[in-house]
Amino acid sequence: GDPMPTNFDESAFDATRRKLLKVLSASPLVGMSSLALAQQFPTAKVNTTGLAVTDTEVTVGQLHSATGTMAISETGSIQAEQLAIDQINAMGGILGRKIKVIKEDGASDWPTFAEKAKKLLVNDRVASVYGCWTSASRKAVLPIFEKENGLLYYPTFYEGLEQSKNVFYTGQEATQQILFGLDWAKMTDAQRPAVNLPRAPFSREAWTHAVFTLEYLNDKAKKPVGRLFLNGKLMGSIENWDLTLGWNPDAVQLVLGASYVGYMDDLAVFNRALTSAEVTQLFGLKTGVRELHP
Numbered sequence: 001g002d003p004m005p006t007n008f009d010e011s012a013f014d015a016t017r018r019k020l021l022k023v024l025s026a027s028p029l030v031g032m033s034s035l036a037l038a039q040q041f042p043t044a045k046v047n048t049t050g051l052a053v054t055d056t057e058v059t060v061g062q063l064h065s066a067t068g069t070m071a072i073s074e075t076g077s078i079q080a081e082q083l084a085i086d087q088i089n090a091m092g093g094i095l096g097r098k099i100k101v102i103k104e105d106g107a108s109d110w111p112t113f114a115e116k117a118k119k120l121l122v123n124d125r126v127a128s129v130y131g132c133w134t135s136a137s138r139k140a141v142l143p144i145f146e147k148e149n150g151l152l153y154y155p156t157f158y159e160g161l162e163q164s165k166n167v168f169y170t171g172q173e174a175t176q177q178i179l180f181g182l183d184w185a186k187m188t189d190a191q192r193p194a195v196n197l198p199r200a201p202f203s204r205e206a207w208t209h210a211v212f213t214l215e216y217l218n219d220k221a222k223k224p225v226g227r228l229f230l231n232g233k234l235m236g237s238i239e240n241w242d243l244t245l246g247w248n249p250d251a252v253q254l255v256l257g258a259s260y261v262g263y264m265d266d267l268a269v270f271n272r273a274l275t276s277a278e279v280t281q282l283f284g285l286k287t288g289v290r291e292l293h294p
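Each residue of the sequence shown is one higher than the last, beginning at 1 in my numbering.
Hints were generated in silico from the structure; no laboratory data involved.
Treat the numbers as computed from the prediction; the structure is a model and nothing was measured.
In this text, a Cβ means the ideal position worked out from N, Cα and C, and glycines have one as well.
Errors might be hidden in some of the hints.
[Said to hold, decoys possible] Lysine to aspartate or glutamate pairs mimicking EDC-like chemistry, simulated, CA-CA at most 16 Å apart:
| no. | residue 1 | residue 2 |
| --- | --- | --- |
| 1 | K165 | D183 |
| 2 | K103 | D86 |
| 3 | K119 | D105 |
| 4 | K233 | D250 |
| 5 | K118 | D105 |
| 6 | K98 | D55 |
| 7 | K165 | E148 |
| 8 | K139 | D109 |
| 9 | K100 | E81 |
| 10 | K139 | E162 |
| 11 | K100 | E115 |
[Stated by the list, open to error] Pairwise CB distance ranges, derived in the manner of DEER restraints:
| no. | residue 1 | residue 2 | range |
| --- | --- | --- | --- |
| 12 | R204 | L292 | 26 to 32 Å |
| 13 | S203 | K223 | 32 to 38 Å |
| 14 | P42 | G68 | 41 to 47 Å |
| 15 | N89 | L292 | 42 to 48 Å |
Make the full structure from the sequences, and use the hints.
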């Protein structure tokens, strides 16, 4: 499909872009060299607590699980944080200083998280740390950050009931997440846009072949239908529900793969709803959809 709605107003985007550039051009920081910025904010003024900040460099820490059971979840944070740092450095860094990263592996082990946090704060004297994923890892390092007066950027949602001046909680806490859950809880099974299964279909021991088809989307003459197939068999359908395809993210009511943690392989998107026979055929392919286009 099109990457954006056909009625997307490019002129409005251009006007907004021109306004932004106009504002930026008036900023005293735009156009200044890294050296000039560093001179304007000398180290003696910006670093009064003996952190790893020099005239040319700011050292930060990254503390995630690169190995162990949580690596599959935390790898995305490692990559995203590195991407952001690379982009900031490409634009001149922070106050004329490039960001240097010291990476430590919490190894999916909470005592290791605590040990590595102490190393980053006490030995490396990093200006801040971007890390943790589970609440258990955050709880393990929190006493160290508070004792050493370090700064932790916690990248995901959490359970709430914690407020430390040494942590930036960048995700939602429970009362913010639960609003949509309350609406869901009030629905009966018949009202929910879901295919109910007797047990979770995924396991660590075997691959699961999953297909979800959507038919008659935005068709005013026919009611839309969503069907779920697992390992080539029809498990159920979603009917009598608004499955309109649109571009407003606030109106999204159907999400595929939400909260899924695991590997995904052989992902394919088709431009029409597959029949039951075609799904069965796909499931029987020994090397996956690549067999369709040898």
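These are the hints, each one checked on the structure:
no.: 1; hint: K165 with D183; result: 33 Å, violated
no.: 2; hint: K103 with D86; result: 14 Å, holds
no.: 3; hint: K119 with D105; result: 12 Å, holds
no.: 4; hint: K233 with D250; result: 33 Å, violated
no.: 5; hint: K118 with D105; result: 13 Å, holds
no.: 6; hint: K98 with D55; result: 9 Å, holds
no.: 7; hint: K165 with E148; result: 12 Å, holds
no.: 8; hint: K139 with D109; result: 12 Å, holds
no.: 9; hint: K100 with E81; result: 12 Å, holds
no.: 10; hint: K139 with E162; result: 10 Å, holds
no.: 11; hint: K100 with E115; result: 21 Å, violated
no.: 12; hint: R204 with L292: 26 to 32 Å; result: 28 Å, holds
no.: 13; hint: S203 with K223: 32 to 38 Å; result: 34 Å, holds
no.: 14; hint: P42 with G68: 41 to 47 Å; result: 42 Å, holds
no.: 15; hint: N89 with L292: 42 to 48 Å; result: 43 Å, holds
Hints 1, 4 and 11, counting from the list given before, are not met by this structure.
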